[in-house]
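Sequences are here, hints too, so could you generate the full structure?
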Amino acid sequence: MSVPQDGQPVDLEVNLRLRRTLALVLAGGRGSRLKALTDWHAKPAVPFAGKFRIVDFALSNCINSGIRRIGVLTQYKAHSLIQHIQRGWGFLRGEFNEFIELLPAQQRTDGEAWYKGTADAVYQNLDIIRAHGPEFVLILAGDHVYKMDYGKMLAHHLAEGADVTVACLEVPLEDAKGFGVMAVDDADNVIRFDEKPDNPQPIPGRDDIALASMGIYMFNAQFLYDQLKIDADQAGSENDFGKNIIPSLIGKAKVLAHRFGHSCVMHEGAREHYWRDVGTVDAYWEANIDLTTVTPSLNIYDDTWPIWTYQAQLPPAKFVFDSDTRRGMAVDSMVSGGCIISGAVVRRSLLYSNVRVNSYCLVEDSVVLPDCDIGRHAKLKKCIVDQGCVIPPGLVVGEDAALDAKRFYRSEKGITLITADMLKKLES
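Each residue of the sequence shown is one higher than the one before, starting from 1465 at the first, in this note's numbering.
Simulated from the structure, these hints should not be mistaken for lab results. Please note that a few of the clues may not be correct.
What the hints assert, rightly or not - Listed next, with one range per pair, are the computed distances between beta-carbon atoms:
#1 A1884 x Q1775: 21 to 29 angstroms
#2 W1578 x D1796: 39 to 47 angstroms
#3 S1787 x Q1570: 54 to 62 angstroms
#4 A1651 x G1558: 37 to 45 angstroms
#5 I1667 x G1733: 39 to 47 angstroms
#6 K1693 x P1779: 50 to 58 angstroms
Stated by the list, open to error - Derived pair list, reagent style DSS-like, types lysine-lysine, alpha-carbon separation capped at 30 angstroms:
#7 K1499 x K1716
#8 K1718 x K1707
#9 K1515 x K1541
#10 K1707 x K1782
#11 K1541 x K1580
#12 K1889 x K1877
#13 K1716 x K1580
#14 K1515 x K1499
#15 K1782 x K1641
#16 K1888 x K1877
#17 K1845 x K1716
#18 K1782 x K1541
#19 K1843 x K1782
#20 K1877 x K1541
#21 K1515 x K1877
#22 K1870 x K1843
#23 K1718 x K1541
#24 K1641 x K1877
#25 K1541 x K1870
#26 K1718 x K1782
#27 K1707 x K1660
Note that this is a predicted model, so its numbers are computed, not measured. In this text, a Cβ means the ideal position worked out from N, Cα and C, and glycines have one as well.
Structural data, given as structure tokens:
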């Protein structure tokens, strides 16, 4: 079997095997580096790009790739995530053996424990997985933003006769400390795997780049079942794919590296293979603000690889008042449905749904999540405003770093995160 090159579709055999693939989206993590943004939501449920949730990208990749049997494993404060999936992802047809199942932590094994690690989360649902009878199991993280054709990864897996295939990308050596780092031979077989090493090894010929795991694994189903059982019986294991299962297979099974560049879905003129871990306040702000530029790194207007989501029924955005001192306008910005810009100025910002910006306000270089109301004469610069905030009239953020840090959370790069709880403390 030939492996499809960049831009080439997968063949009929691969499409048939995709129908026998079960995808499991690991969506139970809190994402504590996002600070107060995940106080009440799991990281995969955090809004992104104006109208989506982070989890929508992994789910959309599955649908667009031809995988229509999906389980979503939830744990930490999962209500908003479950609600989103129920509302927005109920279009698959059970009579065609298509589904998205929610698999919350429910102490299904003898240990009666919650999910202890990524591998344990899958192991605790092994009876459900077996009942679906997949030929392959695709393990995905639900908290990254990217576009990827999983069919090309499966084609590579089949062509090389792998037991497990690990998707990987090149990252700066300093950043590699937060990833599983791989070494490969000339045929991209993995010969070493170190999870979050203090001193990551660079790829041959480069001293500044490492090959990092994306946390995406394609397993032959029976092989996965066997490894999960071995790991569950292993005393002292953290029951994690990156820390335990993948490293234990090196030299004992065929572990194949699949380079992201071979399956990344790119638009014309794209400058990079786009993949983002928006797991910090700075990274989240940067990825959202990039979407307001003339040519963003991520194309969300691509109708050949659409991102699906739940979409509330909202009226169009509205801009009112047009005088020299009171003009409702937005420049170099994205403004979602239900927003009203009433005699205010918005620049280089992303406004999610149902945001009202009242007269004489200035919003610059900011990300404003849904259902916020920004009071008159407020000035917000380089901010993330959490969902449901009511900004008091005249509040100024982004001009006095020391004051901002005292009242709100201020990141290393000077981004101020504002939440409803922080605003309440200002009133007391």
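Going back to the hint list, which numbers does this structure go against? Violated hints (numbers, rising): 5, 7, 10, 15, 17, 18, 23 and 26; every other hint is consistent with the structure.
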